[in-house]
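Participant: Given next are the chains, with one letter for each unit.
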Amino acid sequence: MIRLSLSLGLAVLATVTSAQAAELPAEIKQAGALKLTVNSTYAPMEYRDPATNELVGLDVDLANELAKRLGVKIVWSETPFAELIPSLQTRRADFIISGISDRASRRETADFVDYLATGPQFFVMADNAAKDATDLCGKKVGTTRSTSFPVEIEKWSKQNCEPAGKPAIQYVPGENSIDVRNQLKQGRIDAAVQGSETLPYAQTQEPGKYRVVGEPFAKGYQGIMFRKDDAALREVVTEKLTAMIADGAYKAVLDKWGLGANAVAQPMLNAAPQ
Amino acid sequence: MKPVPALAEGFPDLSGMRIAREPHWFRWLSAALIVLVLAAIVRAFAGGQIEWSYVSRFLTAKVILEGIVNTMVMAVLAMALGIVLGVVVAVMRLSPNPVLKTVAAGYTWLFRGTPLILQLLLWFNLALVFPTIGIPGLWSARAVDVMTPFLAALLGLGINQGAYTSEVMRAGMLSVDIGQYEAAQAIGMGRLRALRRIILPQAMRVVIPPLGNEFIGMVKATSLASVIQYPELLHNAENIYYANSRVIELLIVAGLWYLLVVSILTPLQMLLERRFARGTLRLAR
Amino acid sequence: MTKPLVAIRSVSKSFGEFQALRSVSLDVWPGEVMCLIGASGSGKTTLLRCINQLAMIDAGGIWLDGELLGVREQSGRLYRLSEREIGRQRLKTGMVFQRFNLFPHKTALENITEGPLQVQGRKSDEVRAEALELLRRVGLSAKADWYPAQLSGGQQQRVAIARALAMKPMLMLFDEPTSALDPELVGEVLAVMKELAKSGMTMMVVTHELAFAREVADRVVYMDQGAIVEQGRALDVLGAPREERTKAFLSAVI
Chain A
0 MIRLSLSLGL AVLATVTSAQ AAELPAEIKQ AGALKLTVNS TYAPMEYRDP ATNELVGLDV
60 DLANELAKRL GVKIVWSETP FAELIPSLQT RRADFIISGI SDRASRRETA DFVDYLATGP
120 QFFVMADNAA KDATDLCGKK VGTTRSTSFP VEIEKWSKQN CEPAGKPAIQ YVPGENSIDV
180 RNQLKQGRID AAVQGSETLP YAQTQEPGKY RVVGEPFAKG YQGIMFRKDD AALREVVTEK
240 LTAMIADGAY KAVLDKWGLG ANAVAQPMLN AAPQ
Chain B
0 MKPVPALAEG FPDLSGMRIA REPHWFRWLS AALIVLVLAA IVRAFAGGQI EWSYVSRFLT
60 AKVILEGIVN TMVMAVLAMA LGIVLGVVVA VMRLSPNPVL KTVAAGYTWL FRGTPLILQL
120 LLWFNLALVF PTIGIPGLWS ARAVDVMTPF LAALLGLGIN QGAYTSEVMR AGMLSVDIGQ
180 YEAAQAIGMG RLRALRRIIL PQAMRVVIPP LGNEFIGMVK ATSLASVIQY PELLHNAENI
240 YYANSRVIEL LIVAGLWYLL VVSILTPLQM LLERRFARGT LRLAR
Chain C
0 MTKPLVAIRS VSKSFGEFQA LRSVSLDVWP GEVMCLIGAS GSGKTTLLRC INQLAMIDAG
60 GIWLDGELLG VREQSGRLYR LSEREIGRQR LKTGMVFQRF NLFPHKTALE NITEGPLQVQ
120 GRKSDEVRAE ALELLRRVGL SAKADWYPAQ LSGGQQQRVA IARALAMKPM LMLFDEPTSA
180 LDPELVGEVL AVMKELAKSG MTMMVVTHEL AFAREVADRV VYMDQGAIVE QGRALDVLGA
240 PREERTKAFL SAVI
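Protein chains in written order, with numbering that gives the first Met the number 0: chain A, 0 to 273; chain B, 0 to 284; chain C, 0 to 253.
None of these hints come from the bench; they were simulated from the model.
Please read these numbers as outputs of a predicted model, since none were measured by experiment.
Think of the CB as a built atom: it goes at the ideal place given N, C-alpha and C, for glycine as much as any other residue.
Among the hints, a few may not be true.
With a cut-off of at most 20 angstroms between alpha-carbon atoms, the simulated EDC-like pairs for lysine to aspartate or glutamate come out as follows [as the list claims (entries may be wrong)]:
1) Lys34/A / Glu234/A
2) Lys184/A / Glu50/B
3) Lys154/A / Asp131/A
4) Lys91/C / Glu181/B
5) Lys184/A / Glu161/A
6) Lys139/A / Glu181/B
7) Lys34/A / Glu153/A
8) Lys105/C / Asp176/B
9) Lys105/C / Glu50/B
10) Lys105/C / Glu82/C
11) Lys227/A / Asp131/A
12) Lys100/B / Asp124/C
13) Lys130/A / Asp60/A
14) Lys138/A / Glu65/B
15) Lys227/A / Glu50/B
16) Lys157/A / Asp126/A
17) Lys167/C / Glu181/B
Simulated restraints on C-beta separations [stated by the list, open to error]:
18) Gln48/B / Lys130/A: 33 to 39 angstroms
19) Phe14/C / Trp108/B: 37 to 43 angstroms
20) Asp126/A / Lys219/B: 55 to 61 angstroms
21) Ser174/B / Lys246/C: 40 to 46 angstroms
22) Ser174/B / Pro29/C: 49 to 55 angstroms
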C-alpha cells in the first residue's frame with residue numbers, strides 16, 4: 000500500500016518537479032540539501048530511537064518525503080526548543096518542522112504552513128481520581144515551561160475554574176516532556192499537559208500508566224515555520240505537501256505514528272485560531 | 000703586611016649615565032591590533048540582529064532582580080554547606096580510623112567523579128528511588144514534598160562543593176607545620192582538640208583565599224539549578240525568552256548581571272588574599 | 000632507696016629500616032639534670048620523644064614516676080593505651096622543641112594559658128596569674144600580649160619554656176633548645192635553663208652546648224648509633240672520656 004502510494008508519488012514528483020524545480024531557492028538547489036534543525040526530545044514527532052540512537056519521528060518522515068519530492072537531501076541538526084525560532088531567523092535552518100505550534104505571537108517574523116491538528120491535553124496517572132477536566136482546578140499541573148502551554152493552562156483555568164467557583168490551577172514548570180512525565184510519576188504534580196500528538200506514543204511506551212482527561216482544550220495546529228521573506232520556498236513545500244496528502248503518503252506517515260486522527264485535509268497558511 | 004692596592008685602570012666611571020628607554024615596538028603593534036579586534040567585535044554586536052531595547056527593558060525587570068537575589072542566596076548557603084562538609088570530611092580523611100578514612104575518600108570520589116548537573120537532577124528526582132523519606136517511627140513525608148527545587152539545589156550544590164572543599168582543607172591542614180601538632184600533643188591535647196584549636200585556625204589562613212575563588216565559581220554554578228526549576232537568574236531569564244522569543248537579548252541581560260556580581264567579588268577576593276598572605280608572611284621569620 | 004623518675008629498659012625503635020634505638024636502658028633520678036650528646040642520628044632526640052610518646056617504642060618499656068608508658072600489661076600481654084590515657088601521661092612531661100613551635104595565632108600569654116585552660120580545665124584567673132608569674136620568671140613580663148612573630152628567637156624559646164612549665168610537669172625535656180638560635184640569643188635561654196635546674200626540676204637536655212653541660216649537668220650521656228656509649232659526671236665524660244668513640248666525637252666538635 001505504501002509502495003503503491005510512493006510510486007504514485009514519484010510519478011507526481013516527475014511531473015511536478017519538472018515544472019516547479021525552478022522555484023526552489025537558488026542556494027538550496029546549489030547545495031542540493033535542505034538544512035533542517037529539530038528539538039529531538041519530542042516523541043513521536045522527532046526523537047532519538049533509544050535502541051539505535053537514530054533520529055526518527057513523524058516530522059522526520061514527513062520532511063524526508065518532502066525532500067525526496069524536491070530532489071534534495073537533508074542535513075539534520077538538533078537544538079533546544081527555545082532555539083528553533085532563532086535558528087530560523089539566523090538562517091541556520093531553511094524551515095522548521097519540529098512539533099512547533101502555529102501561534103499568533105510567533106507570526107511577527109514567520110509564516111506557518113499548518114500540517115497537523117493538535118491542542119494541549121490534560122492527562123493524569125491511570126489511578127488518579129480525576130474524571131472531568133474541572134476536577135483539576137486547584138491541583139498542581141505541570142508542563143514544559145519553554146512552550147506556549149503555561150499560558151494555555153492559565154487561560155483555561157481562568158475560563159473554567161474561576162466561573163465554577165473553584166481555585167485556579169497551580170502551574171508547575173518542567174524542563175521537557177520527559178521531565179514533566181517524571182514529575183507526574185513521582186507525584187510532584189497531579190496532572191500534566193502535553194500536545195495531544197505526544198500522548199498516543201507515551202501510552203504505547205508505558206501502557207496503562209496514563210489516562211487522558213477531557214478533550215484537547217485549545218484547538219490548534221502544528222505548522223512548518225518559514226521566514227516571512229521566504230515565500231518561494233514556502234509555496235514549493237506547500238505544493239509538495241498537498242501532493243502528499245492527495246496521494247496518501249501523508250496519511251501513511253501519520254498512521255505509522257498513531258496520529259491518523261490528527262490529519263488535516265490540506266495544508267493551511269497561518270490558520271491557527273490564536 | 001701589604002698595603003691595599005689602588006683600583007686598576009681601564010674601567011670607566013658610568014655612574015653619570017642613564018639607561019635609555021626601550022621603544023617596545025612589538026607591544027605597541029600588538030596593542031593596536033587588539034584594539035582593532037575589539038572594535039570589530041563591538042561593531043558586530045551593535046549592528047547584529049540584537050534588539051538592544053529589550054536588553055535595557057529587562058535589565059532591571061522584577062523577575063530578573065528576584066533571580067539575582069535567589070542566585071546569591073543559594074550561592075552563599077551552598078558554599079556554607081560545602082565548607083562545613085569540607086572540614087568534616089577532611090578531618091575524617093586524616094583520621095587514623097580506617098572506616099572514617101574510607102568513607103571520606105568514597106564521598107570525595109563519588110561527588111567529584113560525577114557531573115554537577117547529574118547530581119542536581121538525581122537529588123530533584125530522589126522520589127523515584129525513595130518515594131517516602133523520614134525517621135522511622137518519628138516522622139515521614141513524601142520525598143517530592145520535601146525535595147523542593149530549593150532543597151535539591153542546596154543539597155546538590157553544597158554536597159558537591161564539599162567534596163572539592165575537603166581537598167582544599169586537607170591540603171591546608173597538611174600545610175601546617177607538624178611541629179604545631181607535636182607541641183599541642185606535648186601539652187596533653189588529644190587529636191581532635193589539637194585540630195580544632197591549633198591546626199584548623201592556622202589552616203584557615205591558607206585555605207580562605209582559594210575558598211574565595213571557589214565562591215565566585217559557585218555563583219555561576221547556581222545557573223545549573225535552572226534545570227530543576229530553582230528560580231535563579233538564568234531560569235528566570237529563560238522564562239522571559241520562552242514567552243517573547245528574545246533569546247540572545249535575555250541571555251545578554253543574564254550575562255551582564257553575572258559579570259557585574261563577579262566583578263564586584265573579584266577585587267574583594269584579592270583583598271582577602273592579600274590580608275591573609277600578609278598574616279602568613281608576618282609569621283614567617 | 001628512692002626510685003628513678005624515669006626508668007628506660009631495653010627500648011628499641013626503628014623508622015622503617017633505620018634502627019634509631021638499640022635496646023637502650025637508662026635511669027633518670029628526681030632532680031637530676033642530664034645532658035645527652037652525640038652526632039645527629041645517634042638516637043638522643045628519638046629517646047626523648049619516646050619518653051613523651053611523640054614516638055612509639057617498638058620493644059622494651061619506659062616507666063615514668065612508676066607508671067608504664069603507652070601500654071598496659073594484662074595476663075602476660077601488652078595492650079596499647081587509649082589516646083586519652085596517653086594524653087594524660089604526657090601531662091607529666093613538658094617538652095621544649097628545637098624550633099620553638101609556639102602557636103602563631105596566639106599571644107605569648109595565650110600560648111602559656113592554652114594548656115591549663117583547655118586541657119586541664121582550670122579557672123582562668125588562676126591560670127592567668129600563674130602564666131604572668133612564669134613570664135616574669137623567664138624575663139618576658141613586658142611581652143605578654145605580643146605575638147610570636149614579633150619576638151626574637153630567644154624570646155620565643157623562653158615563652159616555649161614557660162608554656163611547658165605551665166602544665167606543672169615533673170620532668171622537662173629539651174630537644175636541642177638553642178640549635179636554631181642566633182649565637183647572641185643563646186645565652187638568655189641557657190640562663191633560664193640554669194635557673195630551672197637550680198630550682199630542682201628534673202631535666203633531660205639534648206644539646207651541643209658542651210659548656211652548658213659542663214656547668215650544669217649532673218650526668219652526661221654520650222650516644223652513638225642508637226646506643227649509650229659512655230655516661231658519667233660531666234667532668235669525666237667531657238674532660239677525660241674513656242671510650243675511643245667519645246674521644247673522636249669530642250675532638251670533632253670542640
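Participant: Next, verify each hint and record whether it holds.
Facilitator: Verification of the hints:
Restraint check for Lys34/A and Glu234/A: satisfied, since their Cα atoms lie roughly 17 angstroms apart, inside the 20 angstroms limit. The straight-line distance between the Cα atoms of Lys184/A and Glu50/B is roughly 41 angstroms, outside the 20 angstroms bound, and the hint therefore fails. For the given pair, Lys154/A sits about 17 angstroms from Asp131/A by alpha-carbon distance, which is consistent with the 20 angstroms threshold. Restraint check for Lys91/C and Glu181/B: satisfied, since their Cα atoms lie roughly 15 angstroms apart, inside the 20 angstroms limit.
Proposed proximity of Lys184/A and Glu161/A is contradicted: the alpha carbons are some 28 angstroms apart, above 20 angstroms. Between Lys139/A and Glu181/B, the direct Cα distance comes to roughly 61 angstroms. Violation of the 20 angstroms bound is thereby established for this hinted pair. Of the supplied pair hints, the one linking Lys34/A and Glu153/A is violated, its CA atoms being roughly 36 angstroms apart against a limit of 20 angstroms. With a C-alpha separation of about 16 angstroms, the suggested pairing of Lys105/C with Asp176/B holds against the 20 angstroms cut-off.
The hinted pair formed by Lys105/C and Glu50/B fails the criterion: a straight-line CA distance of about 60 angstroms is larger than 20 angstroms. Pair hint Lys105/C plus Glu82/C does not hold up; C-alpha atoms about 25 angstroms apart against a cutoff of 20 angstroms. With a C-alpha separation of about 41 angstroms, the suggested pair Lys227/A and Asp131/A falls outside the 20 angstroms cut-off, and the hint is violated. Distance check on the hinted pair: Lys100/B and Asp124/C sit about 41 angstroms apart at the alpha-carbon level, beyond 20 angstroms; violated.
The straight-line distance between the Cα atoms of Lys130/A and Asp60/A is roughly 36 angstroms, outside the 20 angstroms bound, and the hint therefore fails. For the suggested pair Lys138/A and Glu65/B, the alpha carbons sit about 26 angstroms apart, so the restraint of at most 20 angstroms is broken. A threshold of 20 angstroms between alpha carbons decides the hint, and for Lys227/A with Glu50/B the separation of about 18 angstroms falls inside it, so the pair holds. Distance check on the hinted pair: Lys157/A and Asp126/A sit about 27 angstroms apart at the alpha-carbon level, beyond 20 angstroms; violated.
Proposed proximity of Lys167/C and Glu181/B is supported: the alpha carbons are some 18 angstroms apart, at most 20 angstroms. A beta carbon spacing of about 49 angstroms between Gln48/B and Lys130/A contradicts the range 33 to 39 angstroms that was offered as a hint. Distance hint for Phe14/C and Trp108/B: a CB-CB separation of about 31 angstroms, inconsistent with the stated range 37 to 43 angstroms. Hint check: Asp126/A to Lys219/B, Cβ distance near 42 angstroms, so the stated range 55 to 61 angstroms is violated.
Range check, Ser174/B to Lys246/C: Cβ separation about 45 angstroms, and the 40 to 46 angstroms hint holds. Against the hinted window of 49 to 55 angstroms, the Cβ-Cβ separation of Ser174/B and Pro29/C comes to about 41 angstroms, which falls outside the hint.
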